[in-house]
Amino acid sequence: MSKETLVKMAEHSTRHADAGTMEVADDVFRVPVENYLDEERSQREKALVFKRMPLLLGVTGELPNPGDYKACEAVGVPVIMTRNKQGEVKAFVNSCSHRGAQILREGLGTDTHRFTCPYHGWTFASDGSLMGVADGQNFGEIDKSCHGLIELKCAERAGLIWVILDPASPLDIDTFLCGYDGFLEHFGFKDWILFERRTLRGPNWKIAYDGYLDFYHLPILHKDTFGPDFAFRANYYSWGPHTRVMAPDRGQSGIDEGVTADQYTMPQLLSGVWTIFPHISIASFDGGGGRGVMLSQLMPGETALESFTTQYYLMEKTPNEEQKGFAHAQFKLLEYVVEEEDYYTGLKQQRALQTGLRSHVLFGRNEEGGQRFHGWLAKIMETKDEDLNDLFASAERYTGITAQAAE
Numbered sequence: 146m147s148k149e150t151l152v153k154m155a156e157h158s159t160r161h162a163d164a165g166t167m168e169v170a171d172d173v174f175r176v177p178v179e180n181y182l183d184e185e186r187s188q189r190e191k192a193l194v195f196k197r198m199p200l201l202l203g204v205t206g207e208l209p210n211p212g213d214y215k216a217c218e219a220v221g222v223p224v225i226m227t228r229n230k231q232g233e234v235k236a237f238v239n240s241c242s243h244r245g246a247q248i249l250r251e252g253l254g255t256d257t258h259r260f261t262c263p264y265h266g267w268t269f270a271s272d273g274s275l276m277g278v279a280d281g282q283n284f285g286e287i288d289k290s291c292h293g294l295i296e297l298k299c300a301e302r303a304g305l306i307w308v309i310l311d312p313a314s315p316l317d318i319d320t321f322l323c324g325y326d327g328f329l330e331h332f333g334f335k336d337w338i339l340f341e342r343r344t345l346r347g348p349n350w351k352i353a354y355d356g357y358l359d360f361y362h363l364p365i366l367h368k369d370t371f372g373p374d375f376a377f378r379a380n381y382y383s384w385g386p387h388t389r390v391m392a393p394d395r396g397q398s399g400i401d402e403g404v405t406a407d408q409y410t411m412p413q414l415l416s417g418v419w420t421i422f423p424h425i426s427i428a429s430f431d432g433g434g435g436r437g438v439m440l441s442q443l444m445p446g447e448t449a450l451e452s453f454t455t456q457y458y459l460m461e462k463t464p465n466e467e468q469k470g471f472a473h474a475q476f477k478l479l480e481y482v483v484e485e486e487d488y489y490t491g492l493k494q495q496r497a498l499q500t501g502l503r504s505h506v507l508f509g510r511n512e513e514g515g516q517r518f519h520g521w522l523a524k525i526m527e528t529k530d531e532d533l534n535d536l537f538a539s540a541e542r543y544t545g546i547t548a549q550a551a552e
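For the sequence shown, this note's numbering begins at 146 and goes up steadily by one.
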């Protein structure tokens, strides 16, 4: 069914492309400037959004085999993700149950089925259970079954790995995804390779994220890098808070006139930018090095005025030497575009907003993606823990004709 919906989206987009039109929101939308700058609100966003919602913390290509692991930090929480002998990915707080020391340094590792704390040598199995206490006869009596690692909810879907940082969050990851992962499955990410990765510093995370939902700026801000021929227009297809952004432009989709639905290729059906609330953007590229995507993972910083974006360049197939050169150049160009154009502009925008001379920022009728994002952000922050699953279970989702509420 999801492929049929992809075809309907493509047909909907090309109809608009041929007519020179786009879908628009009902009215202009206003967001208070303090929503971007206020430190108290920033801390609430971390607690109510980034720690209660599933975050995309890894890709299957980072943990392809049993015994592989990844250690990282997300919103101040140190995390271990590991693939066990059964092939499942599990996630834990990277903190020893003895004194709380971090067990693993940040990075990737392989062929490890137990973890040993570097501070006092306590050892944990890949399921998080405490296996051994160094010098146990002198340490004292403890119940090992009560002193394992703190497990975090984790799910691997469509070659992507989600983790919820707050163990008390009642939110079900599949309910949160609203069926969106069924569409992402068509990329086949579980078999893709991680080619390169890097991290960039940016402005407030919402200023940064606004740009990922905005095609309005492409032919202006990026006229010297991507070129001035990109369309101003964009259509938005949403599943709950997750939104696909498509330009109603045949050149950008690659679908020529006269091509019938049965002739659409999967790259054409998956064109555009796929955003996953609250912090992921997936954009497709093919710069001669083979089919690839840049997956951008956006995290808030310690203050409201900073964020950090880890860019993953994933490739469908292992490139040969010539293709590697093209892929390196493509990824380098994307670094420049984001750091020197998008985030430079965002940091300057943030500086101007700090003057206090402007009360609101505007999202036009043609910027419905930003309107939906800020609407969902406000809605989630107002929702109690016990109501989170109902919120996502009843969310509207695109069915190929229009957004409909889930039954």
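Warning: the hint list may mix true and false statements.
[As the list claims (entries may be wrong)] Only pairs whose alpha carbons sit at most 30 angstroms apart, straight line, appear in this in silico DSSO-like list of lysine-lysine:
#  : residue 1 : residue 2
1  : 493       : 191
2  : 529       : 235
3  : 335       : 368
4  : 469       : 196
5  : 230       : 335
6  : 368       : 493
7  : 368       : 477
8  : 298       : 230
9  : 235       : 335
10 : 335       : 191
11 : 462       : 335
12 : 148       : 191
13 : 235       : 462
14 : 298       : 153
[Said to hold, decoys possible] Now the in silico label distances, taken between C-beta atoms and shown as ranges:
#  : residue 1 : residue 2 : range
15 : 280       : 535       : 47 to 57 angstroms
16 : 168       : 410       : 19 to 29 angstroms
17 : 408       : 471       : 22 to 32 angstroms
18 : 252       : 230       : 27 to 37 angstroms
19 : 296       : 177       : 11 to 21 angstroms
20 : 343       : 244       : 48 to 58 angstroms
21 : 433       : 252       : 23 to 33 angstroms
22 : 291       : 168       : 34 to 44 angstroms
23 : 371       : 446       : 24 to 34 angstroms
24 : 291       : 474       : 34 to 44 angstroms
25 : 541       : 412       : 39 to 49 angstroms
26 : 293       : 535       : 48 to 58 angstroms
27 : 371       : 343       : 18 to 28 angstroms
28 : 534       : 447       : 50 to 60 angstroms
Calculated from the structure, these hints are not laboratory results.
Please read these numbers as outputs of a predicted model, since none were measured by experiment.
Don't be surprised by glycine CBs; every beta carbon is placed ideally from N, CA and C.
- [ ] Please test the hint of 34 to 44 angstroms on the beta carbon pair from residue 291 and residue 168.
- [x] With Cβ atoms ~55 angstroms apart, the hint is violated.
Open item on the list: residue 298 and residue 230 were given as a pair; does the straight-line alpha-carbon distance stay at or below 30 angstroms?
Closed with: holds (18 angstroms)
Task: Pairwise hint evaluation, residue 368 against residue 335, where the allowed Cα distance is 30 angstroms at most - done: violated (34 angstroms)
Open item on the list: Between the beta carbons of residue 371 and residue 343, is the distance compatible with 18 to 28 angstroms?
Closed with: Holds: the Cβ-Cβ distance is about 20 angstroms, inside 18 to 28 angstroms.
TODO: Given the hint that residue 493 pairs with residue 191, test it: the Cα-Cα distance must not exceed 30 angstroms.
DONE: holds (24 angstroms)
Task: Supplied distance hint 19 to 29 angstroms, evaluated on CB atoms of residue 168 and residue 410 - done: holds (24 angstroms)
Task: Pairwise hint evaluation, residue 335 against residue 230, where the allowed Cα distance is 30 angstroms at most - done: Since the Cα atoms of residue 230 and residue 335 sit roughly 18 angstroms apart, the hinted pair holds (cutoff 30 angstroms).
TODO: Verify the proposed pairing of residue 469 with residue 196, using a straight-line Cα cut of 30 angstroms.
DONE: violated (37 angstroms)
Open item on the list: Next pair to validate is residue 298 with residue 153; report whether the Cα-Cα distance is within 30 angstroms.
Closed with: violated (34 angstroms)
TODO: Could you say whether the range 48 to 58 angstroms given as a hint is met by the Cβ separation of residue 343 and residue 244?
DONE: Since residue 343 and residue 244 have Cβ atoms about 33 angstroms apart, the given range 48 to 58 angstroms is violated.
TODO: Could you grab the alpha-carbon distance between residue 235 and residue 335 and see if it respects the 30 angstroms cut-off?
DONE: Roughly 16 angstroms between the alpha carbons, so the hint for residue 235 and residue 335 holds.
- [ ] State, for the Cβ atoms of residue 252 and residue 230, whether the hinted interval 27 to 37 angstroms holds or is violated.
- [x] violated (22 angstroms)
Consistency note: the structure conflicts with the earlier hints numbered 3, 4, 12, 14, 18, 19, 20, 22, 24, 25, 26 and 28.
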